[in-house]
Amino acid sequence: MSKRHEIRLSGSGGQGMITAGVILAEAAGVYDGQNVVQSQSYGPEARGGASKAEVIISDQEIHFTKATAIDILLAMTQEAWDKYSHDLKSDGVAVVDSFYVKEVDRPGVHKLPLAQMARQEVGIEMVANIIALGAIAGITKVVTRESLEKAVMSRIPKGTEDKNRQALEIGFRLAAGV
Amino acid sequence: MSKQVALLQGNEACALGAIYAGCDFFGGYPITPSTEVAEEMALMLPRSGGKFIQMEDEIAGIGTVLGAAAAGAKAMTATSGPGFSLMMELLGYGCMAELPCVIVNVQRGGPSTGLPTKGAQADMLQARWGTHGDHQAIALCPSSIEECFTQTVKCFNLAERFRMPVLLMMDEFIGHMREKMTIPQPGELETYTHPRPKIKPAEYRHFGEGTGVGGAYAAMGSGYRFNITGLTHDPKGFPTNRADETKWKMDRLRAKVADHLPELTEVEREFMDDAEIVIFSYGAAARTAQQAVREARAQGVKAGLLRPTVVWPFPDQVVTEALRQARAMVVAELNQGQMILEVERANRTHTRVLPALRYDGEMITPAEVMNVIAEAAR
Amino acid sequence: MKIHPAYEMLRPDKNFPNVWCPGCGHGIVQGAIIRAVQKLGLDRDEMAMVSGIGCSSRMPVYCDFNSLHTAHGRAIAFATGVKLHNPKLHVIVITGDGDALAIGGNHFIHAARRNVEMTVVLMNNMIYGMTGGQYSPTTPIGKRASTAPYGTAERDFDPCSLAKAAGAVFAARGTVYNAAELEKLITQALAKKGFALVEAVSPCPTLYGRLNREGNAVKMMQWQKENTVNVKAAEKLPPEKVRGKIVTGVFHDAETPGYTEIYDRVIAKARGA
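Protein chains in written order, with my numbering: chain A, 4 to 181; chain B, 77 to 454; chain C, 28 to 300.
What the hints contain is simulated information worked out from the structure, not anything from laboratory work. One should not assume that every hint holds.
To be verified - Derived SDA-like pairs: lysine to any residue, alpha-carbon spacing no greater than 20 Å straight-line:
| no. | chain 1 | residue 1 | chain 2 | residue 2 |
| --- | --- | --- | --- | --- |
| 1 | B | Lys312 | C | Lys296 |
| 2 | A | Lys6 | B | Ala294 |
| 3 | C | Lys41 | B | Leu191 |
| 4 | C | Lys41 | B | Ser298 |
| 5 | A | Lys92 | B | Gly299 |
| 6 | C | Lys115 | B | Ala294 |
| 7 | C | Lys296 | B | Glu444 |
| 8 | C | Lys115 | B | Ala82 |
| 9 | B | Lys79 | B | Leu307 |
| 10 | A | Lys86 | B | Gly299 |
| 11 | C | Lys41 | B | Pro106 |
| 12 | A | Lys69 | B | Ser298 |
| 13 | C | Lys41 | C | Gly54 |
| 14 | A | Lys6 | B | Gly125 |
| 15 | A | Lys69 | B | Tyr435 |
| 16 | C | Lys220 | C | Leu67 |
| 17 | C | Lys220 | C | Arg298 |
| 18 | B | Lys276 | C | Gly54 |
| 19 | C | Lys296 | B | Ser124 |
| 20 | C | Lys211 | C | Lys41 |
| 21 | A | Lys69 | B | Val333 |
| 22 | A | Lys153 | B | Lys79 |
| 23 | C | Lys115 | B | Gly125 |
| 24 | C | Lys115 | B | Glu444 |
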């Protein structure tokens, strides 16, 4: 990988987009040894409404800190898709939650049952963000599975390891089916 | 022990840097986007026996910090625009009473409540001139997470050495951004603690020696009973309004910065050797400038970057020289044009100076800076 | 020549005569503080006297302690930092009615709430002296000041009630007329391990007395003498007999752990965790 990857994880406040961004950045930066910059939108919109976290991954030094031409987009809600998909590159990868995102205005979008699988298989919708990370890593290989698992384990509350490991597994399984 | 690489937020790195520097006191008041600094300090300080206190407002925050500093602490507070404004009076107290401390301002959009969750660099002149009366300022500006750590350490060193409040002018972009950094091992970075006096208490003058830079000074409660006041005072710290003693004090305050400009000049240069278009930028905006310079070079424009990490005192000489060399200078900053005024002041050669400004809470983009570079190159 | 017992606690070089007007009560308060410190045998090196701005706040420069003359209203904030960083220091805050209760009111109530170990000696002369006689939060309603030429329209604070309500462990009032009682109250306050307030009613003949036609320094002292009721006696009197008088004595005396003591437990917890 010798390019700059701009990844945007978007959803609504409370869906764990910032946590997912931090985990992805840690996986890429600390465990995969890439350069990373992670940022997010804060504020009223982070208390419900659309929320986003961005991660830039590169094997080169990262100067400009913002994502403006998105290579990989995750949208967990319709509002997030509507608000944050405008600067997705034409060859960019989009992963959306098939339950919450109904209308997408471009072809090739991966509609995956992220929230549904979280509810049905893990029993809590909260881990949908981890399923999404697994799916993104599986589809794009932007981070290694090993590093992602390490990062997930280092950033989640104690006692939730099994559920999160299961979520990650589901994510990679969904990616394999793409 | 292997080196620890961590993914850190700017605010966290700042707090870790403070602990590394030996900070043992934090007093402050929560305010977005600086609050994580306080939260980290609340977590870490008691572990090393240090003290953290959340005060009733920012005035009280800097008040406790100055009190603790008088009692010998390496003390710090962190805030953002509205709180920084409230601290202005006591910032001047710290200058007058020559109390070392570090004040972190994670800048957000203003004026007033403005944009609490969005970044800006619009307190740059307030940092220099915000408190009343003639005074000097030392302010640093980090452009990366690693610099949030290392510059915080440097702020403490400078505060201890120059006996004055030192400002770390962060911004929301850097404060809330995460990058990985290698945590410095103990001893890897210089940490300076001012010497304590060894002379007899009867002979001790708290403001006695020269400009006081690098000298010994005592803490309250160490056996040297001296007076500290915000009133103009004599070398012993006793109030005076005599013209000669007033001039002595004011000259001392000025000289401690003015006589040490080389030590206080720190400017990163990129592609400057043959640069014709020089970009002047600092803090978060400098990251965009770094990108723009490279893109300009790729297009065959001889662009270079001056990035002061110490912004106050302003690096007059470096900027004057760069303006002499350049065809034009582009000042990229996140405000309506603040440090550009200093650049223009340093411009002895009537070199063209062009602003590349953004002040809507969003980061200036390389394309926006490129547009100004293109205009400068015409 | 006989040397005054307070002399050893003073800084005679350059600082005298002091800034206080003839007839001002603040010097008597200073004498009472020094005697209390001597009585308790406190080490000067471990005394930190912290003040704000105003007539009373000039006191630290005259006392041979560790002295910190801060900004208007902020003495208690500075003192909190001093005490936290070096809990061994005995911290005395010297303040006035404007300094402590107007511009510094927030710090006053919050330091009391936190129970930061400090003795606050509040010299209440019911006026801003240094700036020329403006009304303060303790100027009684209807009294004249340079900014209340027709009498104030504002009600006044009772500093002792305020301190008690905010969480102080000790609140007492004395007068400069009864310097012996004042000294005793300050001695009690200095022995407390928490936020302790002593309000010292101190006449300002130059401004308050003149603007309110209460006569010269002697007459104002006379008034204090004739219009002071001890709190124990006042409790037995009908309210109309107490109205307009200075009630002195200890209003509140409690034992609650001080802030630095509790913070030591925080440190222990953080280190154990």
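Restraint check for C:Lys115 with B:Ala82, where alpha carbons must lie at most 20 Å apart: violated, 39 Å
Does the alpha-carbon distance linking A:Lys86 and B:Gly299 stay inside the 20 Å limit? violated, 64 Å
Is C:Lys41 close enough to B:Pro106, meaning Cα to Cα at most 20 Å? This hinted pair is violated, its Cα atoms lying about 43 Å apart.
Holds or violated: are the alpha carbons of A:Lys92 and B:Gly299 at most 20 Å from each other? Distance ~69 Å between A:Lys92 and B:Gly299 Cα, so the pair is violated.
Taking only the CA atoms, is the gap from B:Lys276 to C:Gly54 under or equal to 20 Å? violated, 30 Å
Is A:Lys6 close enough to B:Gly125, meaning Cα to Cα at most 20 Å? Violated: A:Lys6 and B:Gly125 sit about 46 Å apart, past 20 Å.
Is A:Lys153 close enough to B:Lys79, meaning Cα to Cα at most 20 Å? holds, 18 Å
Quick one, are B:Lys312 and C:Lys296 close enough, alpha carbons at most 20 Å? At roughly 42 Å apart (the allowed maximum being 20 Å), C:Lys296 and B:Lys312 break the hint.
Hint check: C:Lys115 vs B:Glu444, CA-CA at most 20 Å. Holds or violated? violated, 58 Å
Between C:Lys296 and B:Ser124, is the straight-line Cα distance small enough, at 20 Å or below? holds, 12 Å
Pair hint outcome, A:Lys69 versus B:Tyr435 [Cα-Cα no greater than 20 Å]: holds, 16 Å
Taking 20 Å as the top limit, are the C-alpha atoms of C:Lys211 and C:Lys41 close enough? The given pair, whose Cα atoms are some 30 Å apart, is violated under the 20 Å limit.
Of the hints listed earlier, those the structure fails to meet are numbers 1, 2, 3, 4, 5, 7, 8, 9, 10, 11, 12, 14, 17, 18, 20, 21, 24, in rising order.
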